[in-house]
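Number of protein chains: 2
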Amino acid sequence: MANVNPYHLMFLFLGLTTSLAVGLSPHLFIHFLSIGIFSLISFHVTMKTIPSLSEKFVKAQVTGVDMCKPNGKPIPEAMGVIAGSVFLMTMSLFIPIPFLQFDKTYLINENFLTDSIKLSVPMINLKARVFDDLQFESLIAALLSICCMVLLGFVDDILDLRWLHKLTLPTIASFPLLTVYAVTYNCTWVLLPKPFSFALNLGIFYYVYMAMMAVFCTNAINILAGINGLEVGQSLIISISVLIYNLIELSSTVWKVHLFSITFILPFICVSSALLWYNWYPAQIFVGDTYCYFAGMTFAVVGILGHFSKTMLLFFIPQIFNFLFSCPQLFHFVPCPRHRLPKYNSKTNLMDNSYFEYNPKEVKFLGWFCLKFARTFKLINEETISSTKIKCTNLTLINLVILWSGPKREDSIVRRLLFIQMASSACAFFIRYYLVQFIY
Amino acid sequence: MANVNPYHLMFLFLGLTTSLAVGLSPHLFIHFLSIGIFSLISFHVTMKTIPSLSEKFVKAQVTGVDMCKPNGKPIPEAMGVIAGSVFLMTMSLFIPIPFLQFDKTYLINENFLTDSIKLSVPMINLKARVFDDLQFESLIAALLSICCMVLLGFVDDILDLRWLHKLTLPTIASFPLLTVYAVTYNCTWVLLPKPFSFALNLGIFYYVYMAMMAVFCTNAINILAGINGLEVGQSLIISISVLIYNLIELSSTVWKVHLFSITFILPFICVSSALLWYNWYPAQIFVGDTYCYFAGMTFAVVGILGHFSKTMLLFFIPQIFNFLFSCPQLFHFVPCPRHRLPKYNSKTNLMDNSYFEYNPKEVKFLGWFCLKFARTFKLINEETISSTKIKCTNLTLINLVILWSGPKREDSIVRRLLFIQMASSACAFFIRYYLVQFIY
Chain A
0 MANVNPYHLM FLFLGLTTSL AVGLSPHLFI HFLSIGIFSL ISFHVTMKTI PSLSEKFVKA
60 QVTGVDMCKP NGKPIPEAMG VIAGSVFLMT MSLFIPIPFL QFDKTYLINE NFLTDSIKLS
120 VPMINLKARV FDDLQFESLI AALLSICCMV LLGFVDDILD LRWLHKLTLP TIASFPLLTV
180 YAVTYNCTWV LLPKPFSFAL NLGIFYYVYM AMMAVFCTNA INILAGINGL EVGQSLIISI
240 SVLIYNLIEL SSTVWKVHLF SITFILPFIC VSSALLWYNW YPAQIFVGDT YCYFAGMTFA
300 VVGILGHFSK TMLLFFIPQI FNFLFSCPQL FHFVPCPRHR LPKYNSKTNL MDNSYFEYNP
360 KEVKFLGWFC LKFARTFKLI NEETISSTKI KCTNLTLINL VILWSGPKRE DSIVRRLLFI
420 QMASSACAFF IRYYLVQFIY
Chain B
0 MANVNPYHLM FLFLGLTTSL AVGLSPHLFI HFLSIGIFSL ISFHVTMKTI PSLSEKFVKA
60 QVTGVDMCKP NGKPIPEAMG VIAGSVFLMT MSLFIPIPFL QFDKTYLINE NFLTDSIKLS
120 VPMINLKARV FDDLQFESLI AALLSICCMV LLGFVDDILD LRWLHKLTLP TIASFPLLTV
180 YAVTYNCTWV LLPKPFSFAL NLGIFYYVYM AMMAVFCTNA INILAGINGL EVGQSLIISI
240 SVLIYNLIEL SSTVWKVHLF SITFILPFIC VSSALLWYNW YPAQIFVGDT YCYFAGMTFA
300 VVGILGHFSK TMLLFFIPQI FNFLFSCPQL FHFVPCPRHR LPKYNSKTNL MDNSYFEYNP
360 KEVKFLGWFC LKFARTFKLI NEETISSTKI KCTNLTLINL VILWSGPKRE DSIVRRLLFI
420 QMASSACAFF IRYYLVQFIY
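Chains as they are written, first to last, in numbering that gives the first Met the number 0: chain A, 0 to 439; chain B, 0 to 439.
Heads up, a few of these hints could be off.
[As the list claims (entries may be wrong)] Computed, partial: chain B to chain A, Cβ under 7 Å:
{"#": "1", "residue": "Lys55"}
{"#": "2", "residue": "Val57"}
{"#": "3", "residue": "Leu92"}
{"#": "4", "residue": "Ile171"}
{"#": "5", "residue": "Phe174"}
{"#": "6", "residue": "Gly232"}
The hints are simulated quantities; they were obtained by calculation from the structure and are not laboratory data.
C-beta atoms are modelled at their ideal positions from N, C-alpha and C, and glycine is treated no differently.
If we strip away everything but chain A, and leave its shape as in the complex, we get:
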């Protein structure tokens, strides 16, 4: 992508978004302008910081080897922590903006003053201008949850934590979020689809659902990952879909929560774009678990506090498919090798399918059923080696794409996967705005 200037793209994108947003709600002009400026700064800072800190990462041996390249040069790993930190810093600086107002006040009590020494001093006076106080709480709690996940992700990248931690820690990290939801909205009613058509109060179980949503989002992106640009690419497409959804809903009555969501998503898109610039094939950096957790929690946050967690899940269709497709291996119905990434073929410079081997006589019923099902829909390719050994393509979306399109170069596969992501976003909008009238 060397012939494109990323700054021009970013100017175009932010200009378009801001003018669209302002067109929809003209009185929010200053708010959008300030988000736009902050996002642009976050983009610039990320673009500059990544190359300047790369050397420190290599020196500290926070590196990984690109399995899909001929030479095994160490590449800086866990760079998502830069994107996450810049995002957090940007938001920290942005927090006061929607509230800020400067007054002049007297330096000392008026009783002491004669006219000749009326010294004045600028005074910060925060008043709810765009957001109200409840949204201020939400803003901070959301940042706390995201910050916890960035910290956890970076620790995970350095120490390589266990699966148990990856499931429990996001749950705990989502607690501030859930508390703020309980304090602010506390709406736990769910509308059932036709033919029931009545509202169900899930009570405490709604909170369980939201905590699980946080765990799902953080791990879903982490599972569909491993080749250059895929983690960041899919997150970018999801976040742009969310942005479009928010822009559409900005003219609805609940515009406030969508404005809130935009406040998070716009800087997120900017830091992610900068990250993608360096992470695109051939990758100069890896983003690590840090980025996956950071992105996942950001989506969970805007989904929960923006009250569109179900719509958010629609944008995760490829991730949900990939998760369900991976289940037989994840839960060990069939054998699961250490790595399930496609195999790099150094002769052709293309990516081939990777395989796992199983003994057809040892596979239990559930495994047999899953394989049968996958075979029916041509989701796997099997080769019989001997009567006790069959090799089968690994059950991931990446392998499926290679299976259906033939061996391709790494960036070509990523493009296909991102196209699938885009298509399913389009599909999500179709469901949300068209099909939904037949369901509810």
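Based on these hints, arrange chain B on the given structure of chain A.
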């Protein structure tokens, strides 16, 4: 300390604190009981997690070499991240407690119900019981600032950031805190001491002062560090002093902010104690910058949101002295070697003074004046090597203690330093409760 059971000590400490606190404000019984239980859990989790994760730290090469020991075995570094994470997780889980209240609500809208199917579901209902809504915001913003600093500290430990980052990033990390101060209290009046005796409204400059306080606290502990148990020991003494101060003030009219402070300080004391258990001479772990930043930000947070930032600074007397004493070297009035830690003497197993060398003809006026001043008060020891070379003890509090008490074993020096810390806490209380009446 192998003959003491840390759990017994912790039970004793928490029992004493809780009964004292409850004695002062009986209606807060449940609140204190819950803080006590959560603190105890955080202590236990930290005690268990540190040894179990030590191996992962060594494997990931997050290690340091103990310069003051005969053998150079690598020791897990940056363990403060465990204390910080456990603290954050504990607080995240604790957040809902002061608000929590369970109600039963109906599963579906009452209009749909007949008496026979009145299904009910537990419902979370958060109401301000102990804290009010403003303090809820403060609680989350404080955690956000602390979380940012833990993240920054860990990144610093891994990547070894530059000084510029160490000063700017805490400033940005304190922004959520300052914003919440502006939204909630926004009191920027400062009472001038006698003979002026009137209040001064510092306006925006009060925020500058608070941001600088955050930067000072995070770096002050980091400068007075480097020998086993010193960072954690001094933080523990400061935090216990803060706890005592809060307990005293719990019977005043502004008890709410002190209760707020206790809510942070008690779990902090518990995770720090667990850390000290492993960090005490001979250290099995190092705490790293992570812990210094974590501790410093916690103090800044309770000082600012508890409205006792000036009293807080009184507890930092040894750190302030150490900072001022170090200034000639930090600002390069006199030469500053890479390490200023005392030198380990492997023959005697004692710590000797470390020295820097300077050319008396090249020292500028400021440097000459500082050395002259230090010489007068016997704060340094100089030896003339040649007419152009004088060697002088490094300008740190640790070197000063060795200079005054003679070479001692590492733990003996730490004990003396911690005694100084305790004495200055006593001094701080004397100033706060006795001398203050002559000043204001």
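Against the structure, the hints come out as follows:
1. The restraint placing Lys55(B) at the interface with chain A holds, with a minimum CB-CB distance near 5 Å, inside the 7 Å limit.
2. At a threshold of 7 Å, the smallest CB-CB gap from Val57(B) to chain A is about 10 Å, leaving the interface hint violated.
3. Hint status for Leu92(B): holds, given a least beta-carbon distance of 6 Å to chain A, under 7 Å.
4. With 7 Å as the threshold, the beta carbon of Ile171(B) comes within range of chain A, its nearest partner Cβ sitting at about 5 Å, so the hint holds.
5. Given hint, Phe174(B) at the interface with chain A, holds; its Cβ is 4 Å from that chain's nearest Cβ, closer than 7 Å.
6. At a threshold of 7 Å, the smallest CB-CB gap from Gly232(B) to chain A is about 25 Å, leaving the interface hint violated.
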